[in-house]
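Protein chains in written order, with the numbering used here: chain A, 48 to 201; chain B, 48 to 201.
Everything labelled a hint here was simulated from the structure, so no lab data went into it.
Hints may be right or wrong, so weigh each one.
Said to hold, decoys possible - Cross-link-like lysine to aspartate or glutamate pairs, in silico, EDC-like; alpha carbons within 16 Å at most:
1) A:K117 to A:D178
2) B:K191 to A:D178
3) B:K142 to A:D178
4) B:K171 to A:D153
Unchecked claim - Not everything, but these chain B residues come out facing chain A in the computed CB check (under 10 Å):
5) N122
6) M152
7) C190
Remember, predicted model here, so these are calculated numbers, not experimental data.
The beta carbon of each residue, even a glycine, is placed where N, CA and C say it ideally should be.
The primary structure of each chain is shown beneath.
Protein chains: 2
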Amino acid sequence: MDRDLVPFKKMIEDNGNKFTIQKRTILKTIMESSVHLNAKEIYEKVKGENIGLATVYRNLKEFQELGIVKELNVNGISYYEMKIFSKKPLHIHLKCYECDNIIDMDSSGIDIEYLKLNKMVEEKNNMEIFDIDIMFIGLCSRCKEERYGETNKV
Amino acid sequence: MDRDLVPFKKMIEDNGNKFTIQKRTILKTIMESSVHLNAKEIYEKVKGENIGLATVYRNLKEFQELGIVKELNVNGISYYEMKIFSKKPLHIHLKCYECDNIIDMDSSGIDIEYLKLNKMVEEKNNMEIFDIDIMFIGLCSRCKEERYGETNKV
DNA sequence: CTTGATGCAAAGGATTTGCACAAAT
DNA sequence: ATTTGTGCAAATCCTTTGCATCAAG
């Protein structure tokens with residue numbers, strides 16, 4: 048088995064569930080994708096291998112409950128990305144107003160600012176924070192250039 | 048007409064749309080609610096006044112495009128809150144892991160930190176940011192106390 | 001073997017759309 | 001008058017569920 052999948056196998060089995068071929072295939076699909084996929088898109092990629100749409104949904108839900116994947120909800124549709132063992136502990140996304148894509152953002156250097164924010168909010172509100180979603184709404188670099196023109200740079 | 052509604056009337060009419068009784072009623076409903084409402088909940092509150100569900104959806108969409116309301120998507124359902132002319136320019140929410148409520152958070156003092164973050168991200172990624180959604184996932188104060196007990200405070 | 005997982009199809013729930021009628025400018 | 005908005009019901013899209021079968025431990 049793919050070395051990368053071992054920790055997920057353990058997490059799933061520790062929870063009393065079975066690590067099936069379908070789960071392995073779906074996980075690999077998410078891991079190997081450079082963009083965020085929704086259930087249907089995952090299904091389109093794996094349906095040749097005898098996996099039903101319902102199985103994709105069921106497994107995504109299981110993965111999410113186990114903290115293996117993270118769900119991003121955009122316009123009422125759920126997209127998925129790997130959560131743990133990812134290089135980026137903090138997930139910041141930009142939803143482009145123009146092209147509607149969801150873009151992973153470079154969050155290096157932001158983590159420290161975020162931690163400050165996190166702590167401040169926890170103390171102020173007497174809450175406990177497990178996770179955070181930050182979604183910027185704006186123009187991605189490509190659409191920004193299309194709108195203003197590259198020559199208009201200040 | 049309610050004094051508070053005047054700017055919305057103007058925004059809607061400036062956009063070439065009509066400011067109908069239904070729109071006024073829906074806006075007032077959102078403004079007067081202390082919690083975030085979804086389309087169905089708004090419909091339940093106004094259906095006695097001869098307003099259809101489809102109208103609620105259509106108008107919410109229009110309000111959102113005009114920047115009058117802001118949509119929060121949680122578990123695949125869209126909830127709405129007033130966006131502009133609100134006391135809080137920055138919308139931070141906590142989705143409670145336990146009771147599933149969406150809670151408005153006190154963001155005073157966070158705004159400045161946010162602005163720094165915003166600027167940093169814009170420059171780093173060559174993007175233009177219009178808006179930001181920050182959603183914390185954690186325990187609200189009530190559920191936190193239920194879980195850990197009030198006596199366990201450090 | 002026993003239990004959970006699967007595929008399929010049907011059901012469910014949120015949102016959108018087509019259409020004839022009503023209301024706004 | 002003309003154009004946009006509306007209510008209703010049907011349609012659509014994403015997601016979940018029931019059930020008979022299959023596969024993992």
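Query - Violated constraints from the hint list, given by number and in increasing order - result: none
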